[in-house]
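Those protein sequence lines, which keep their order, are chains A and B.
With this note's numbering applied, the first sequence has no gaps in its numbers, which climb one by one up to 401 at the end.
With this note's numbering applied, the second sequence has no gaps in its numbers, which climb one by one up to 802 at the end.
Calculated from the structure, these hints are not laboratory results.
Possibly wrong hints are sitting among the right ones.
[As the list claims (entries may be wrong)] Stretches of chain B that chain A covers, calculated by requiring three or more beta carbons in the stretch to come under 8 Å of a beta carbon on chain A:
1) 458-464
2) 577-588
3) 674-683
4) 717-727
[To be verified] Within a straight-line C-alpha distance of at most 30 Å, the following computed DSBU-like cross-link-like pairs (lysine-lysine) qualify:
5) K53/A <-> K764/B
6) K505/B <-> K744/B
7) K450/B <-> K398/A
8) K242/A <-> K454/B
9) K450/B <-> K49/A
Since we're looking at a predicted model, the values are computed, not measured.
Using N, Cα and C, we set each Cβ at its ideal position, and we do this for glycine too.
Protein chains: 2
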Amino acid sequence: MNTLELMKQISRPSSSKIVLLVLDGLGGLPSLETGKTELETAKTPNLDKLAAKGVCGLSDPVGPGITPGSAPGHAALFGYDPVSSDIGRGVLEAVGIDFKLQSKDVAARGNFCSVDEDGLITDRRAGRIATEKSTELCQLLDKQVIEDIEIIVRPVREHRFAVVFRGNSLSPELPDSDPQQVGVAPLVITPLSPKAQKMARVANQFVDQAKSILAEQKPANMILLRGFSQRPQFPTMSDIYKLKPAAIATYPMYRGLARLVGMDILETGTSIEDEFTTLTKSYADYDFFFIHVKATDSSGEDGDFDRKVRIIEQVDNTIPQLIGLQPDVIVVTGDHSTPAMLKGHSWHPVPVLLYSEWCRTDKVTEFSESASILGGLGRIPAVQIMPLAMANALKLTKFGA
Amino acid sequence: MNTLELMKQISRPSSSKIVLLVLDGLGGLPSLETGKTELETAKTPNLDKLAAKGVCGLSDPVGPGITPGSAPGHAALFGYDPVSSDIGRGVLEAVGIDFKLQSKDVAARGNFCSVDEDGLITDRRAGRIATEKSTELCQLLDKQVIEDIEIIVRPVREHRFAVVFRGNSLSPELPDSDPQQVGVAPLVITPLSPKAQKMARVANQFVDQAKSILAEQKPANMILLRGFSQRPQFPTMSDIYKLKPAAIATYPMYRGLARLVGMDILETGTSIEDEFTTLTKSYADYDFFFIHVKATDSSGEDGDFDRKVRIIEQVDNTIPQLIGLQPDVIVVTGDHSTPAMLKGHSWHPVPVLLYSEWCRTDKVTEFSESASILGGLGRIPAVQIMPLAMANALKLTKFGA
């Protein structure tokens, strides 16, 4: 029996409430000047108070040494095995724009790009064209039918779009057409298995037609496709945990991830404050809330140590509002580390703070990487955070006689 | 290869001795007044001295967040995967009264209960009738034959009994007849799979006949059945570890669990002191001793913080006698936590103390939950305690060339 099956067996509905606050890319690395990470540099009196009353530790989203993408990082936080429940990039883009993927659809992530007269890529993102322009171009590519396959093209943001292939006998076993470098031509797509031959034919023809359709456009005169994938068949969080779960996220991808595990997606604004206002407004209607803060990750990816510090402080300011709602369980953590020093996701374990009346507090009195090493949670795989949250909410029955 | 297969491959017999002292439900939660758990409140100079010389840590019987019953808690301590080796309640009751279960037998746990003239349950335990009375009633129900199935009924303690169905074509895939509430009738048993149809027929007829036979009894005029199950086929601890293991336990269920993994069951009295006297007397005859202390769990379940503290202190008093025997390895731990604050089993990790000449001691100088967080064992699954004990007893050979 795997953990999800076990959780399904022992989870019980109850009126207690859990709030999972995810600061994307929370974990960091120390600044060379101060020896302190972003989280250790930030003034976080409210999180520190919560850490003092709660229990802390470090979690590995996938495993020690493994740098996770957003999808496995969040899958693990929701309690799903991050390796076996891997979600393709195409599916992520599609569900992230509220596109209702059907089970046999194959989705891919697209980039508008620029090619020169020889067809060689000069800019993989076509100068990050505006979303408005991209929306226009998507309309030019949308609604084609190749063989018996319907092709749906939707803008995402800037140069990014999602393409969905709908029809029979499609398999997602295709490599990317995006060579991930300039100065070369987009790759012709060769099927990775015999049953993907039709899909490869259709995809290559779609790319050829896009090239013709976009020929006169500037700078976006070509497309690149990657992450061909089908919607995974996950049991929902309601099935497993008997929860009524809701997601509050400003970025489409995280709403998409939450939708894949069956969360309701709440309308919210664009700021952290907006997200907490949404939480307060909808607090009575759900018993599980996933709140996603994106800017910790983006600032880390930009290498902007100070901005990441300020965003953590901004989140800290909202903590009294969260505590004021008196959730039975509060978990504050990240889906992975994004140290500004590395300008990208990293493998470093992520600090976890769990607060509940029953959490068996430890001696940790600040929320930080170095303090969490000595926390009562120890170092745990991120998939075990949901079972811990459920236990602390007294939503689990005993296992075995 | 799973851990048991690995252990089987590398375990070697030797003259060294291991004592596994299990304080049932040892782990606790801090009192709101003092901020200290039961174990932290208890004066345990002897255990603290042992902790200072040994190595400490925290263990998860099943996994973080999972509250284990006694069976998975002990299975894990004996080194068996607690999920795949789940043992049914019926089997537990039967083996706990020294009943020799055959491999095709189906066992169930029974309660004598009280029903009103409409057949609705008024007391699920019939006022906890005395064991003597229950023994009488079991004799009335014993030795029936329904279809070709022989039915054996044995008293356990107070209102509890074990019933064993013996014969061909029986399957344990039945739900309980016990609705776990009063004011309703006992449930008719519906088979959970087609091959359990005969077993369901026989069980329902047995319940009907019990109703007739007990009709004039007061207050125990009906029965409830639960935990239909068959004896699991475990490899014994001798097979796996090449040990000659013995169990010392005052409660039948724990003797039953020990018997399922092939331990000899030693006659003992009813007190902790009796158990240590038994240990001393039999010390020469075995190389592995499992000593089970029940009262830490019962006091925790009663919510009696102070009594749990006193029982831990009573165990502490016996530690010099244990050390006097000079075992090569001493392990002191619990099968799960039972915080008095929660009045029941819980998911919190359990302190573990391992002492041997070769244990690589840490800086922990007291045996407690909060000190164990910083211990050299870290936070480990309970199934890894036996491999550690075996290694410290120098009973394991090198793995691999």
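Taking the hints in turn, this is what the structure says about them:
1. 458-464: Three-residue rule met by the region 458-464 of chain B, so holds; n is 3.
2. 577-588: violated (count 0)
3. 674-683: violated (count 0)
4. 717-727: violated (count 0)
5. K53/A <-> K764/B: 25 Å, holds
6. K505/B <-> K744/B: 37 Å, violated
7. K450/B <-> K398/A: 34 Å, violated
8. K242/A <-> K454/B: It is violated: about 46 Å lies between the C-alpha atoms, which goes past 30 Å.
9. K450/B <-> K49/A: Between K450/B and K49/A the Cα gap is close to 34 Å, so the pair fails against 30 Å, i.e. violated.
The structure is inconsistent with the numbered hints 2, 3, 4, 6, 7, 8 and 9, although it conforms to all the rest.
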